[in-house]
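Colleague: Quick mapping for you: the protein sequence lines, in order, are chains A and B.
Read in our numbering, the first sequence has 82 at position 1, and its numbers run on one by one without any break.
Read in our numbering, the second sequence has 258 at position 229, and its numbers run on one by one without any break.
Keep in mind the hints are simulated off the structure, nothing from the lab.
These numbers were taken from a predicted model, which means no experiment stands behind them.
Ideal Cβ placement from N, Cα and C applies to all residues, glycine included.
You may find that some hints are simply not true.
Unchecked claim - Short, incomplete list of chain B residues facing chain A, as computed with Cβ under 7 angstroms:
{"hint": "1", "residue": "156"}
{"hint": "2", "residue": "164"}
{"hint": "3", "residue": "190"}
For reference, the chains in residue letters:
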Amino acid sequence: MSWDKIPTSIIGVKTAPEKGEAKPPRLITYRQAILEGLTTALKKDKRVFLFGEGVDDPGGVFGTTLNLHKKFGKNRSFDTPIAENTLTGLGIGAALGGLRPILVHARTDFMLTGMDQLINHAAKWKYMSGGKFSVPLVIRAIIGGGWGSASQHSQPLQALFAHTPGLKVVMPATASDAKGLLLASIAEDCPVVFIEHRWLYDRKGPVSKNPYVVPLGKGIIRKKGKDLTIAASSFMVPLSLEAADIAAKEKIDVEVIDLRTIKPLDYNLIQKSLEKTNRLVVADTGWKMCGISAEISALAANKAFGYLKAPIARVALCDAPTPASPALEKAFYPSSKDLVEAIRKIYRYGRKK
Amino acid sequence: MSKLQLKNLKPASLKKIYQGLIKIRKFEEKIVSLYPQQQIRTPVHLYIGQEAIAVGVCLNLRKRDYLFSNHRNHGHLIAKGARLESMLAELHGRIGGCSKGKGGSMHMTSQNAGVFGTSAIVAGNIPIALGCAFASKFKKDNRISVVFFGDGAVDEGTFYECLNFAALKKLPIVFICENNFYATNSPQKVRQVNTDIYQIAKHFKMPGVCVDGNDVFEILKFSAEAIERARKNKGPTLIEARTFRWKTHVGPESDIQKGLRSEKEIWPWKKKCPIKKFVQYVTKNKLLSKNDLDKIDKKVNAQLQRALKTALKSSYPKKTDLKKNVY
Ligand SMILES: Cc1ncc(C[n+]2csc(CCOP(=O)(O)OP(=O)(O)O)c2C)c(N)n1
Ligand SMILES: [Mg+2]
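Next up, chain A with everything else stripped away, as it sits in the complex (with noise of 0.2 angstroms):
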């Protein structure tokens, strides 16, 4: 299908080397571990229910809910209708009745008109309620453009979710993460916006039979340095490492941090890190204006100032909408060399030539 169809330039990156995997590791792409994970929160908690338009379709939203229904039956994993507000408060009130929803929305965009429910009541329900009533809900929300998707199919919305009180937000960048972070969501009791990001589904990487999870809030360094510290998460993760290599070959020794999940945002290992590199390029699959780069600047700005030797460079997108056009395209998404070119201005800044 052509909505797969992803530039191979930005997909043909390395991927990500797990940490800790002693034996020769079973490795398994981010989709099958997406649709691993959700086997196992299906078999192992009767709560679990996975909804949404196109679940049960032979596509299977992108191959990761493939076959679940007949699985585990219609009434666990069924398709919907098109009607996104009611499908989020529907997953609320189940969530609210003692189930566990996993709602998907096979573009992230879709999930506007959805936003009612989602931060009207999902994200201040136990809030207004004075604790009494929490809502356990996941959304799966799907990024990631290409082949001319353009503005409507493709936008990468985590700053508008971690920007409301309420929500936690994790983009997971490896195939492992996707199942660890996946269950750590659906077991959380509050609503967790679960963003996949779709250049990374055909991505493999070691991934445990075993359930388990990966804590919210703890993000992972992925490859030690000691020169200069790129944070980054989901697809901006595969790429920071490309760039690290590059920059290795000139000598920079790049320390690159994926945050795992954007809320709880795990700020504490960026300052450790930047404690020892002094230099720091924020790295986001979504818009600079307002977003998570911007966030995480600022707070590097406010507490690690004193350890700062150099402005704090961002590669993120530009204040416009994602265009159709090959070429267009190419100019809108950050690309390792752009972060190459950050890594190179921000580590020379201040050093004598």
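Start from chain A and add chain B with the ligands according to the hints.
Modeller: Leaving out everything else, chain B with the ligands in the frame of chain A:
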């Protein structure tokens, strides 16, 4: 008064009905009298004039059934059995309030009475009630969901989406539209092309009934049918209950005071007061005596007085409570 069969209603039930009606009326009137002191610092949407709907419906519900309400929620909660003192504490912004002072008048809760949170976004409660009904069907726990909303909610798209989904999945839910002909100051007829809301049900292949919202007996009967239908897994019902709000949209004043609606418009509805109607009927037919009613009045007055005293003993939340209960 409706010509319904009331043979089954014993004096004890009639007393219960009266107590329900008068409890809501007095609770709301208490707010009216307290409001000028400015200790209730939360926008109040009063239910005076609409009491029969909440009372009639809730008498047919079980404690475990879910009830979802809206900005005008006090009557629904009281009728479902929420505790007056925690509602009054909530109105006063106290930590002992039913939502720990974080919800105020528009976000009342009662775990005991099955009110698992309240939305003040018009129609926002409907899909959530739908979700609880879905959970009941999923778990086969024999609970049903009832959701109250105004004619204003019928302007919103989610209302139709919910009717569709409920009918599609045969969910155990009863939709109750309290049509008081206004959304804030906007009359129904300037907002809706078909003002017969109950007719919308037909498109979704579910029963739709129109009832006199000021006649508690009529509400009792028709809601009993809808609730039984839901309980027996036969699917949803839409009830349109026509009524009138006596006070202004928000606050303790009247619309006449504010020059928003005329005496001429409100007066006929005051004559059809749901409580007066009930009292006339039961006294004329010698079903309850004046003494019976007086006793209940006194009992409710005392209850309300006690509840207010208890509520005011509760302290304000602490600064450290601000960031609690977010996640
Ligand atoms: C989505 C939304 N839009 C507007 C409002 C402002 N508002 C509060 S109550 C109300 C009128 C509601 O009318 P109705 O549903 O008929 O209930 P009533 O007040 O008559 O009981 C409006 C427009 C709101 N709370 N939510
Ligand atoms: Mg109205």
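Colleague: Which hints, by number, does the structure contradict?
Modeller: none
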